[in-house]
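Chemist: Sequence lines, in order, name chains G and R.
Be aware that the first sequence starts at 1, since it is given in my numbering, and climbs by one per residue.
Be aware that the second sequence starts at 1, since it is given in my numbering, and climbs by one per residue.
Hints are computed from structural coordinates only; laboratory data are not their basis.
Computed from a prediction, not measured in an experiment: that's the story for all the values here.
Where a beta carbon is used, it is the ideal one built from N, C-alpha and C, also for glycine.
Don't take each hint at face value.
Said to hold, decoys possible - Here are some chain G residues pointing at chain R (derived, C-beta under 7 angstroms):
hint, residue
1, S57
2, L58
3, P131
4, V132
5, P158
6, I173
7, S182
8, A204
9, H265
10, I266
11, L439
12, Y506
13, K507
14, D634
Claimed, not checked - A few chain G residues that don't get close to chain R, going by computed Cβ distances all over 10 angstroms:
hint, residue
15, I127
16, W419
17, G609
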Amino acid sequence: MSLTAPGVLVRRAQSRLMTLGWRAIRLASMLLGLDETSLPKDNPLPAQNRSWIAELSLAAATGLMLIALAQIAGMHYLPDIAYKMYWVGIILILFPISFCLALPDASRNERLLLVIMMGLAFYAIKILHSPVRFTGYDEFLHWVTALNMMEQHRLFGPNSLLEVGPHYPGLEILTNAFSGVSGLSIFTSGLIIIGLGKAALLGALFLIAETITRSSRVAGIACVVIMASSTFNSFETQYAYASLALVLTMLALLAAVRVSQGGPHILSYTVAAALLAVAVTVTHHLTSYFLAAMLAALAALELARGQRQEGRLHLVWLAGIAVAADVLWSRFAGSTGAYLTPVLLEGVKDFWALITSSGVTRTPLEDADGVRKPLWENVTSMGSTMLVCLGLAAGFLRSLNLAGGRIIFKSKLRFRVEWRTSALVLLTLLTLGFPLSILLRLTPFGWELGYRMISYVFFGICIVVAVAIAGLWQKPRPIVIASILTVMVLGGFATGSGPNFINYPYKVAADSQSIELLGVQAAEWTRTWLGRGNIFAADRINQLLLAVYGRQEPLTGLKDEAKITELVFARALGDEERKALSRGWVDYVMIDLRLTTALPRYGVYFEAGEDEAVHARPPDPPALLKFNDIKGVDRPFDNGAIIIYDLRSLHAAKL
Amino acid sequence: MPQLSMKWKVFLSSVVIPIAVVIASDLGLPVVSLLTLSLVFYLPGHILLKGLRPDAQTDFEHLLLAFGLSVAIIIGVGFLLHPVGALRPLGWAAFFAALAAMAWAKKPGMFREYASKVVVAPKASIREAIMLSVAALMVVCALILDYHAAAKHADFRFTEFWMTPQRAPNVLTIGIKNSEGEPTTYEVEATSGGLIVGRWLGISLKPGETWTEVFSTAYKPNDIQRVEAWLFKNNDHSSVYRRVWADIGRPASGGL
Numbered sequence: 001m002s003l004t005a006p007g008v009l010v011r012r013a014q015s016r017l018m019t020l021g022w023r024a025i026r027l028a029s030m031l032l033g034l035d036e037t038s039l040p041k042d043n044p045l046p047a048q049n050r051s052w053i054a055e056l057s058l059a060a061a062t063g064l065m066l067i068a069l070a071q072i073a074g075m076h077y078l079p080d081i082a083y084k085m086y087w088v089g090i091i092l093i094l095f096p097i098s099f100c101l102a103l104p105d106a107s108r109n110e111r112l113l114l115v116i117m118m119g120l121a122f123y124a125i126k127i128l129h130s131p132v133r134f135t136g137y138d139e140f141l142h143w144v145t146a147l148n149m150m151e152q153h154r155l156f157g158p159n160s161l162l163e164v165g166p167h168y169p170g171l172e173i174l175t176n177a178f179s180g181v182s183g184l185s186i187f188t189s190g191l192i193i194i195g196l197g198k199a200a201l202l203g204a205l206f207l208i209a210e211t212i213t214r215s216s217r218v219a220g221i222a223c224v225v226i227m228a229s230s231t232f233n234s235f236e237t238q239y240a241y242a243s244l245a246l247v248l249t250m251l252a253l254l255a256a257v258r259v260s261q262g263g264p265h266i267l268s269y270t271v272a273a274a275l276l277a278v279a280v281t282v283t284h285h286l287t288s289y290f291l292a293a294m295l296a297a298l299a300a301l302e303l304a305r306g307q308r309q310e311g312r313l314h315l316v317w318l319a320g321i322a323v324a325a326d327v328l329w330s331r332f333a334g335s336t337g338a339y340l341t342p343v344l345l346e347g348v349k350d351f352w353a354l355i356t357s358s359g360v361t362r363t364p365l366e367d368a369d370g371v372r373k374p375l376w377e378n379v380t381s382m383g384s385t386m387l388v389c390l391g392l393a394a395g396f397l398r399s400l401n402l403a404g405g406r407i408i409f410k411s412k413l414r415f416r417v418e419w420r421t422s423a424l425v426l427l428t429l430l431t432l433g434f435p436l437s438i439l440l441r442l443t444p445f446g447w448e449l450g451y452r453m454i455s456y457v458f459f460g461i462c463i464v465v466a467v468a469i470a471g472l473w474q475k476p477r478p479i480v481i482a483s484i485l486t487v488m489v490l491g492g493f494a495t496g497s498g499p500n501f502i503n504y505p506y507k508v509a510a511d512s513q514s515i516e517l518l519g520v521q522a523a524e525w526t527r528t529w530l531g532r533g534n535i536f537a538a539d540r541i542n543q544l545l546l547a548v549y550g551r552q553e554p555l556t557g558l559k560d561e562a563k564i565t566e567l568v569f570a571r572a573l574g575d576e577e578r579k580a581l582s583r584g585w586v587d588y589v590m591i592d593l594r595l596t597t598a599l600p601r602y603g604v605y606f607e608a609g610e611d612e613a614v615h616a617r618p619p620d621p622p623a624l625l626k627f628n629d630i631k632g633v634d635r636p637f638d639n640g641a642i643i644i645y646d647l648r649s650l651h652a653a654k655l
Numbered sequence: 001m002p003q004l005s006m007k008w009k010v011f012l013s014s015v016v017i018p019i020a021v022v023i024a025s026d027l028g029l030p031v032v033s034l035l036t037l038s039l040v041f042y043l044p045g046h047i048l049l050k051g052l053r054p055d056a057q058t059d060f061e062h063l064l065l066a067f068g069l070s071v072a073i074i075i076g077v078g079f080l081l082h083p084v085g086a087l088r089p090l091g092w093a094a095f096f097a098a099l100a101a102m103a104w105a106k107k108p109g110m111f112r113e114y115a116s117k118v119v120v121a122p123k124a125s126i127r128e129a130i131m132l133s134v135a136a137l138m139v140v141c142a143l144i145l146d147y148h149a150a151a152k153h154a155d156f157r158f159t160e161f162w163m164t165p166q167r168a169p170n171v172l173t174i175g176i177k178n179s180e181g182e183p184t185t186y187e188v189e190a191t192s193g194g195l196i197v198g199r200w201l202g203i204s205l206k207p208g209e210t211w212t213e214v215f216s217t218a219y220k221p222n223d224i225q226r227v228e229a230w231l232f233k234n235n236d237h238s239s240v241y242r243r244v245w246a247d248i249g250r251p252a253s254g255g256l
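Make a model of the complete structure from these sequences and hints.
Modeler: Okay, structure coming up:
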């Protein structure tokens with residue numbers, strides 16, 4: 001007995017270890033979604049008769065009312081109240097709808113209506129922020145192109161603020177058509193176009209997710225997760241070419257998914273996808289490259305799948321059309337290399353410096369002027385990113401499993417990979433771009449690249465994370481799921497826009513927070529009293545106002561060695577600036593004395609690449625007022641903050 | 001076209017239509033412009049899809065693709081209108097008229113079907129209808145409140161003061177715009193070579209009001225002299241509130 005006792009103990013221990021190991025494997029399998037039972041499935045029970053849409057509409061409307069009051073409080077210098085009302089308003093829209101979407105017995109149509117309602121409510125926040133005029137920096141760039149088109153009745157009118165913009169005129173053509181037929185202003189037409197686009201994007205995403213995961217619950221959750229992208233409720237709500245191009249891209253992908261499914265209408269879907277791809281090509285460069293790559297990858301996956309499928313050839317044609325359209329349009333419109341390459345190169349350089357620890361990293365969650373966001377916003381932002389990472393960890397293999405992904409070993413070294421749904425495999429693989437985008441955002445110049453990447457990468461992230469959530473919580477846990485979704489989306493808001501979405505009083509070089517009546521009226525004055533088309537040297541914000549309200553030609557960088565920063569900020573004019581003036585490169589200079597009160601909130605007073613020395617402290621007023629003492633310079637306008645000097649008498653003069 | 005129940009007719013006529021009219025009038029939107037939404041964002045794509053697959057259902061997916069294809073078609077038409085300089089309301093009106101005529105000639109019943117998709121009778125209880133109405137009203141009120149607050153809001157109170165040359169080299173226009181948010185009294189004094197060449201007293205302007213005056217001063221051709229104008233506010237002569245200047249005597253190169 002004494003000899004057998006240890007053996008029994010060892011056996012028991014082995015058995016216990018095996019049980020524990022087996023449980024651990026099962027747990028890991030369940031968490032990673034390798035098990036069939038952990039895949040999301042729609043509730044087989046009939047959908048409930050009770051609809052929550054009326055109650056949820058009321059909650060969302062209350063949220064919007066709070067946000068409207070927050071905007072008004074912000075205008076009246078009540079930042080604390082405004083801040084609290086703003087976030088409570090967002091939660092009122094977000095949490096109840098997320099709760100309903102998490103319920104397993106909500107009907108498919110109810111889910112669809114709810115996600116569109118949530119998307120439009122979030123878009124309404126942008127309208128509440130800027131109900132009178134566009135205020136986003138990029139919006140002004142496209143506003144100028146739309147105005148040029150409206151006035152000249154032709155395309156490709158030059159736009160010195162965004163030279164590449166007129167070559168991608170899809171958004172402006174659409175605005176021209178709608179504004180021309182309806183009689184609405186460019187501003188109102190733009191708001192309607194982007195709003196309709198938001199609804200269409202969410203609708204298309206819902207249908208794609210529903211088709212490839214065979215679950216309306218996953219589709220509903222995916223539509224909420226995409227709103228956790230830091231660009232969804234900020235960058236993508238702007239009147240800008242990327243906003244429309246992303247909508248058309250999602251619709252093209254929907255048509256391509258239908259093509260991959262085959263069926264009697266395959267030709268109509270192919271035509272639709274091809275037309276949409278061509279429309280994206282002439283609307284936005286980067287998005288069109290992304291779409292072409294996605295279509296090519298989808299076609300490649302379908303070909304590699306090895307099963308005869310009628311849609312394969314159509315997909316190959318589709319990818320060919322998208323790539324050809326991009327190549328041909330690049331040749332016609334001129335290469336976008338000069339515009340995109342510096343951003344890409346700087347991004348890659350910064351990224352390399354980051355991984356080799358040899359460069360300067362950007363302080364995350366901090367503005368260029370060093371202003372830090374409140375602690376809870378930073379915590380929510382990081383919490384959101386963490387939840388997305390966890391969702392990807394739990395959803396990546398689960399999504400591949402759901403797509404029918406299998407590795408079949410023929411021998412120890414030979415194996416074959418199989419899958420059923422190429423679109424789901426593609427969108428799952430797309431999520432691999434997420435870690436890269438996060439790392440890029442830690443770098444000073446790569447930040448922009450990482451920020452833009454997020455919009456595209458989230459096409460895949462939203463579905464993979466939704467598969468994870470719906471798979472892990474198949475039994476009703478609506479409060480848990482709604483809480484996770486709420487933190488995710490709040491984090492997206494905090495990272496993407498945060499308090500900038502409240503109308504706080506004027507700040508220096510802060511894009512939307514710098515657009516206000518004093519500058520607008522000064523720009524309008526130039527059009528009335530100086531005529532259109534004068535060349536103006538002005539700071540970053542007044543350049544926008546002069547181009548739109550004044551219809552002037554803002555100078556975006558003096559030729560040769562001379563710089564606008566030097567022209568305006570130096571205590572005395574340098575040789576290059578004197579030469580530039582005598583050559584007639586500047587008609588007027590607009591001096592905004594408010595620049596002397598603070599550092600630029602978004603990093604530059606005039607334009608990217610300006611000398612870092614000017615950011616050490618705000619400029620001295622006497623330096624800006626040096627034109628008072630230059631002989632022959634008129635001073636035709638003064639409103640206390642903005643002074644305009646007429647430099648035309650210096651053309652061809654020896655200074 | 002499906003018949004609306006009495007409940008929904010009452011709901012539409014008493015809540016939705018007044019709200020739409022209030023928004024439209026308050027935001028300066030012509031009501032008819034809302035109708036152009038479907039013309040621009042649905043009809044071109046709908047016609048194309050119906051041409052490609054006449055037997056397909058007009059469901060939500062059809063609505064989405066019709067939207068996307070309408071956008072794509074309009075962008076394409078924009079490129080066709082560009083060479084003849086027709087990117088203007090008349091050009092677009094001609095396109096939509098031609099499109100509608102073509103669709104009508106091909107399939108007269110298309111518009112009846114199209115209209116039936118635009119008006120859909122929702123199913124809801126009275127309680128839900130009331131809640132939806134209240135929600136819609138709250139959103140409208142939020143937008144109107146916010147719009148009015150933003151339109152009236154100004155971070156700064158200020159006065160614009162200007163002096164610009166006219167066609168003749170010695171003729172100048174001087175102007176003031178009151179954006180102080182309250183009625184304000186101004187005085188203007190113009191000097192040249194140390195001599196007062198113009199003075200305007202007791203200029204009372206309400207908020208948003210503008211005052212301009214054209215004046216001339218003696219000059220010798222090719223003898224450039226500076227005319228400087230000072231603005232005083234509310235009889236305060238201790239400091240110059242605004243100042244502008246212009247050189248006269250050289251051929252005017254600016255102004256309208």
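Chemist: Could you check the structure against the hints above and give me the numbers of any it violates, in ascending order?
Modeler: Violated: hints 5, 10, 11, 13 and 15.
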